[in-house]
Amino acid sequence: GENVEQHPSTLSVQEGDSAVIKCTYSDSASNYFPWYKQELGKGPQLIIDIRSNVGEKKDQRIAVTLNKTAKHFSLHITETQPEDSAVYFCAASTGNAGNMLTFGGGTRLMVKP
Amino acid sequence: SAVISQKPSRDICQRGTSLTIQCQVDSQVTMMFWYRQQPGQSLTLIATANQGSEATYESGFVIDKFPISRPNLTFSTLTVSNMSPEDSSIYLCSVSSGGYGYTFGSGTRLTVV
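These protein sequences, in sequence, are chains A and B. Numbering follows the working numbering, with no gaps: position 83 of the first sequence is 83. Numbering follows the working numbering, with no gaps: position 92 of the second sequence is 92.
Bound-form chain A, shown alone (with noise of 0.2 Å):
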């Protein structure tokens, strides 16, 4: 089955800095990458997805890139304020009607101000 690895666990930076979340899949056919932001004592948010067939999607602050042939994808956090302070989730799902998402460890995320 699939396998996620996220990397870092931890990650500490500036207000204002960027930050950068990497993480990589083994199943090829995973086509499907979301990222969920989750805060503490709330469910995981989406806060941005892609799809195999591109190979980055911005929206606003964030952004995420993929290597299909690497088998890594990253996002991209710019100009980082304290409320992106958070635990953010990789995943990956072959992207199928009711496949699941197979999730990595996690990163949190701490912007000091």
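For the record, the hints were derived by calculation from the structure and aren't laboratory data. Errors might be hidden in some of the hints.
Okay, the calculated beta carbon distance ranges per label pair [claimed, not checked]:
id, chain 1, residue 1, chain 2, residue 2, range
1, B, 56, A, 7, 28 to 34 Å
2, B, 39, A, 5, 17 to 23 Å
3, B, 79, A, 7, 34 to 40 Å
Dumping the calculated BS3-like pairs for lysine-lysine here, alpha-carbon to alpha-carbon at most 27 Å [unchecked claim]:
id, chain 1, residue 1, chain 2, residue 2
4, A, 112, A, 58
5, B, 7, A, 42
6, A, 112, A, 37
7, B, 7, B, 65
8, A, 42, B, 65
9, A, 68, A, 58
10, A, 22, B, 7
11, A, 42, A, 68
12, A, 37, A, 68
Even glycine gets a Cβ: it sits at the ideal position worked out from N, Cα and C.
Put chain B on the given structure of chain A with help from the hints.
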């Protein structure tokens, strides 16, 4: 995207008892998923709940311990049976409308004493 209401949001239970968690969606959805998130850990899929058929359980999870109901396309329950302190976790339901998107409930924080 779908809006999920999950109840209870938290509970403290005695070992040996059972707790039923409810997940209500504001629209009809094809697939519903139940996840467990142990303290400080990532999300692990417990089972996939389909309307009109038995749930499909992942390795390490059994129906006797985590019975699931899916009476219609907007509702599901997960029961955590004969609880022990090791069952203390956040339990999350998630839905897929049949496409790529997955939405999560806010979770049930369970503490077993």
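Here is how each hint holds up against the structure:
{"no.": "1", "hint": "B/56 with A/7: 28 to 34 Å", "in the structure": "holds, 31 Å"}
{"no.": "2", "hint": "B/39 with A/5: 17 to 23 Å", "in the structure": "holds, 21 Å"}
{"no.": "3", "hint": "B/79 with A/7: 34 to 40 Å", "in the structure": "holds, 36 Å"}
{"no.": "4", "hint": "A/112 with A/58", "in the structure": "holds, 24 Å"}
{"no.": "5", "hint": "B/7 with A/42", "in the structure": "holds, 13 Å"}
{"no.": "6", "hint": "A/112 with A/37", "in the structure": "holds, 18 Å"}
{"no.": "7", "hint": "B/7 with B/65", "in the structure": "holds, 19 Å"}
{"no.": "8", "hint": "A/42 with B/65", "in the structure": "holds, 25 Å"}
{"no.": "9", "hint": "A/68 with A/58", "in the structure": "holds, 18 Å"}
{"no.": "10", "hint": "A/22 with B/7", "in the structure": "violated, 34 Å"}
{"no.": "11", "hint": "A/42 with A/68", "in the structure": "violated, 31 Å"}
{"no.": "12", "hint": "A/37 with A/68", "in the structure": "holds, 23 Å"}
In this structure, the hints that do not hold are numbers 10 and 11, in rising order.
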